[in-house]
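Listed below, chain by chain, are the residues.
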Amino acid sequence: MTTRVGVVIFPGSNRDIDAFNGLRVAGAEPVELWHEQVSLDGVDAVLIPGGFAYGDYLRAGVIARFSPVMRSVAAFADDGGLVLGICNGFQVLTEAHLLPGALLRNRGLRFVGRQVAITPERLDTPFTRRIDERRPLRMPVAHGEGCYFADEASLDALERDGQVLFRYAGGSNPNGSLRDIAGVLNARGNVAGLMPHPETAVEAVLGSDDGLGIIRSFVESAAERATSGEPVVVGAR
Amino acid sequence: MDVRFAVNVAPKEGILDPQGRAVEGSLGHLGIEGVSAVRVGRRIELTVSADDGGAARAIVDRLASELLSNPLIESYQVEELDAASSLVGGAA
Chain A
1 MTTRVGVVIF
11 PGSNRDIDAF
21 NGLRVAGAEP
31 VELWHEQVSL
41 DGVDAVLIPG
51 GFAYGDYLRA
61 GVIARFSPVM
71 RSVAAFADDG
81 GLVLGICNGF
91 QVLTEAHLLP
101 GALLRNRGLR
111 FVGRQVAITP
121 ERLDTPFTRR
131 IDERRPLRMP
141 VAHGEGCYFA
151 DEASLDALER
161 DGQVLFRYAG
171 GSNPNGSLRD
181 IAGVLNARGN
191 VAGLMPHPET
201 AVEAVLGSDD
211 GLGIIRSFVE
221 SAAERATSGE
231 PVVVGAR
Chain B
1001 MDVRFAVNVA
1011 PKEGILDPQG
1021 RAVEGSLGHL
1031 GIEGVSAVRV
1041 GRRIELTVSA
1051 DDGGAARAIV
1061 DRLASELLSN
1071 PLIESYQVEE
1081 LDAASSLVGG
1091 AA
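Chains A and B, in that order, give the protein sequences. Residues 1 to 237 in the working numbering are what the first sequence lists, from first letter to last. Residues 1001 to 1092 in the working numbering are what the second sequence lists, from first letter to last.
For the record, the hints were derived by calculation from the structure and aren't laboratory data. Keep in mind that this is a model prediction, so the values were computed, not measured. A couple of the hints might just be wrong.
[As the list claims (entries may be wrong)] What follows is a set of in silico ranges between Cβ atoms, one per label pair, in the way DEER data are often shown: (1) A:D41 x B:E1080: 42 to 52 Å; (2) A:T227 x B:R1057: 24 to 34 Å; (3) A:G27 x B:V1040: 45 to 55 Å.
Positions of the beta carbon are idealized from the N, C-alpha and C atoms, including for glycine.
For reference, chain A alone in the conformation it holds in the complex (with noise of 0.2 Å):
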């Protein structure tokens, strides 16, 4: 049976069809959840895109948060499903207090679009196993507020912990992120978040294909969960 992974949609969504796209590739059928919806339709995983929900109005994510979608995504990671927020879905999952820290306004001020590249942290994830080394990943950024702030000590812990998951390599940082923490993972293992944009770099003719593998990964990590019924949980490193 096809993985079923549902994409969120806000009004100010806009890299949904890309997600799509990207979910396609790697095998998955992706659902629409919209965002005035309760239900999640039984989806195996569920994705947040990138956009610019509700205008990011207050601050990038916050408005979203309170949705009636995002309270049911909310319970299904709660229970153990597999939720992957991509630069603006990272947002939304930092103000909803599914991920540690907060994203700030980039230290350039600038809004940048362009290709980094993130290595990541660990290959033992759902996000990450399908990643056949550590070694540096081309894809795009495009945000304004991608700077990631935590204070020292949870910065600290995220690492003793194993939660950051993805860094900017080779002096890429495009935003200030402290520790040049790119993605991070909450304590559970079954929540994700990351800036750039590997749904975007999932073939060779849209510039890079090495966002598949972790498109590949959320996605089978799904399958998995969905056959066993057992939360896919890494824990702590």
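Use these hints to put chain B onto chain A, whose structure you have.
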């Protein structure tokens, strides 16, 4: 009763405030000296209908901490307003 409040939100001490820095950077172009520590926040004014002032205050506090500010990176202060202290008018 209706009570009008302002919620003032600002980046916490130690949190990078690129907007504040940009404003500060522009001061030289205005020929202004002696201004420092610029922090840019936001102010939200709203009217709360509740049984009494305490209940209204509890509502606005919840709103301020859960929605209007992110406690990880921002602090907020709540002010009760009258016609004179509201920037936009409409004080209860």
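Now the hints, each set against the structure:
| no. | hint | result |
| --- | --- | --- |
| 1 | A:D41 x B:E1080: 42 to 52 Å | holds (45 Å) |
| 2 | A:T227 x B:R1057: 24 to 34 Å | violated (52 Å) |
| 3 | A:G27 x B:V1040: 45 to 55 Å | holds (46 Å) |
Hint check: a violation occurs at hint 2 only; the rest are consistent with the structure.
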